[in-house]
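2 protein chains.
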Amino acid sequence: MSENLVELTATEAAGKISRGDVSSEEYTKALIAQVGSIEDKVGAFQHFDPEHALAQAKERDAYRANGNALGPLHGVPVGIKDCIDTSDYPTENGSKLFEGRRPYKDAAVVTKLRTAGAVIFGKTVTTEFAFYHPGKTKNPHDLERTPGGSSSGSAASVAAGMLPLAIGTQTNGSIIRPAAYCGVFGMKPSHGLVSRSGVLSHSRTLDHVGPFARSLDDIALILDVMTGYDENDPDTKPYVVPNFLAGVKEKFPLTPRLAYVRTPVWNKADKTTAEAFEELAESLGEIVQRVELHEPIYGHAWDDLRAIMSADMAHHHGKIVGRGGDVASQTLKDFIAEGRKVTATRYLEAISQAKQFTTALGDFFDQFDAILTPATTGVAPMGLGATGDPAFCSLWTLTGLPAISLPLLQGENGLPLGVQLVGPMRRDARLLRTAKWLLSHLSHDQEAELA
Amino acid sequence: MSENLVELTATEAAGKISRGDVSSEEYTKALIAQVGSIEDKVGAFQHFDPEHALAQAKERDAYRANGNALGPLHGVPVGIKDCIDTSDYPTENGSKLFEGRRPYKDAAVVTKLRTAGAVIFGKTVTTEFAFYHPGKTKNPHDLERTPGGSSSGSAASVAAGMLPLAIGTQTNGSIIRPAAYCGVFGMKPSHGLVSRSGVLSHSRTLDHVGPFARSLDDIALILDVMTGYDENDPDTKPYVVPNFLAGVKEKFPLTPRLAYVRTPVWNKADKTTAEAFEELAESLGEIVQRVELHEPIYGHAWDDLRAIMSADMAHHHGKIVGRGGDVASQTLKDFIAEGRKVTATRYLEAISQAKQFTTALGDFFDQFDAILTPATTGVAPMGLGATGDPAFCSLWTLTGLPAISLPLLQGENGLPLGVQLVGPMRRDARLLRTAKWLLSHLSHDQEAELA
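Chains as they are written, first to last, in my numbering: chain A, 1 to 451; chain B, 1 to 451.
Please note that a few of the clues may not be correct.
Each pair may be met inside one copy or between any two copies, as identical chains are not told apart.
Think about it this way: if two alpha-carbon atoms lie no more than 27 Å apart in a straight line, the pair counts; the simulated DSS-like pairs of lysine-lysine are [what the hints assert, rightly or not]:
hint	residue 1	residue 2
1	K333	K268
2	K341	K319
3	K355	K237
4	K333	K136
5	K341	K355
6	K58	K16
FYI, nobody ran anything at the bench for these hints, they're computed from the structure.
Bound conformation, chain A alone (with noise of 0.2 Å):
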């Protein structure tokens, strides 16, 4: 039984406790029994207690035994990444600095997932202030391998069938990168998109909250949840917000057309990664147009991050570091003494070229669904002592674009190899249905050559 229940996608789950045919509190035994055998070795909990869990699951059911209306996650647990304030779990950034924190208050993206029925089910390992420095988890499908940061407890909590769905912060690649290293789908929406107050602040040009979860309507589910207007994220905007779900679910009205698209790091991807993206566009045919993104015009985005990040860090994180004596990895206090450095005209120069490549790549769109490019520059490297290589997400994130990591691809050893499609901003709902046609059409072909 527990064991077909973890098989569960969030979309199923949601449906059969919503019919009755399963109770919260045995979808969440069943994942508490998962968190059980297979926790140890993974290592994606920072705060986990089954009791409360199961409290929350339990009420969950005595709340729908009532007749009321149920919310589109009601009863289906969920992971937040440590460095999401959470009032029931302490939040602790990854970081000594911040021990036995407990917030007041939820971040707006929790009261989201709690309102529409979400079972807060555990904090989820963050690398040290969502930065490089890693924290305790491995990746489930080589515990020998990273499993990505910053996001890292999200994406193999997801990934060993702990959770169906877990939510973390990208502001390089922190999302896209673990989802892509674990095999599960992982999405940053568009900026302004998803509320970040009560989130842990780096950077209000490049923070971004998203979902992981191990099915594409399981984005679009819990991305249904968690956007919308905030007035205390001065980056969201109140307009509507389409409905992911339906629309995943639509019919694609044409074939779209992607651009694969190689940028000026475009060397850092691996053999293997390299050989299976060109196998990948060759194998789509006439969809697929290459498109280089030129060093002298894209080439100064990866400092421009850098500038705006170790500047914002500084301003952010200067002080508590500081503080902090030995207690800070050396990586984290170098990065805050390089944004240190950084000048107010460097710092403006640098967000005025992200808009510039925001409206460039907009213009971009006017021909292309989506962009199609690897989520990251190769499997899951060996060792947990770094997180890998955010290059191939820092173009995305700098602009503000929605990007999703899908796990379609394998490379050196079987392991999972994401593809990143990256879609015009704000509009998350067209890049979800492209992905949606990429997944089927694929599924399509693979069925035709197994048959």
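For this one, chain A is given, so just place chain B on it according to the hints.
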């Protein structure tokens, strides 16, 4: 006839034009005649073409004659500061570096004015780059004195009866100060209420656009037209904006409470000004409570504004000023050089501080309807080589709070002295009502004294 017409407020003129009591052509001709008689002395205009103004007025009359519905400013001439783009007049930003610059389209706020039926009469003098180095304008009350800056021509043209309305910009004290020196109403609306798209950019954090007029109703009339969401200005918000003119015409429900605020730069006020305000506060009795904003908490606001403004100006103007050799003033070059030295962390800290001041002062408005404080340190100073001290405007610009200067007092030599009211964020309508109450209260007092 002309003499009478130029004395009309904009509200009166709009009413007469709308009813057909006077044509836009007649009214515009009267203003042109006034320009003919006084502009040589005052020098309020950078670009003015009477033929073009008259052609617009005739077009407005023809439009009315055809039975069309009329906008609230139909046929009413408005002056536009020469750092605000116009498609029909050059926009030279007060600098030879922009000589002959002809924008291909109107700034968003100019489009709004045209849509409301306004006649875009001419471009009013701005100081160099809307910063400190003065233009040619003189104070209509005393031609040997500065009109204030940077919106020198907008304030002077309205004070001299050449226009009923003009718009200007403020990044430190550039609306409130010239309004006070020239004895007219001037308003800096809440940050984000009026779009800055198409306006010379100094600083996203500090830039504001606002109106000048000879009556409070006129300020409300034009504000109704100027405000609103613009997707090209990321700080405007798609909120519903109240009808300001209807608001100022309502009876004030309760006697307002005012905080007579002395900031940490109070010692800059000259003796006459300090005495005039003590007397005003005294005469208002229990309505007013004296509040000191203390140095340890608020003292660094002036440095914070300077860090933000200098860095932002270095970012926006550093290149063009650098290329300009000796064309730019030393004042401007020095400020840009200062801005280049600001670090990103200092800049970001100053912006955080600004937000904290806004929050702190927001709590303040739970107890008071508005802050009552001098608009300037004294009357317009002698000489045309400088534009006076903006120190009494800085805190309200940094915080983005709405501020209005009311021509209620007289200082030395009978010259105008502005009373500044500052209101809660985005409660501009409430601020206008409080201002209306104060005007009405003081005029009743005067009547009582005369009786």
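field: Contradicted hints - numbers only
entry: Violated: none.
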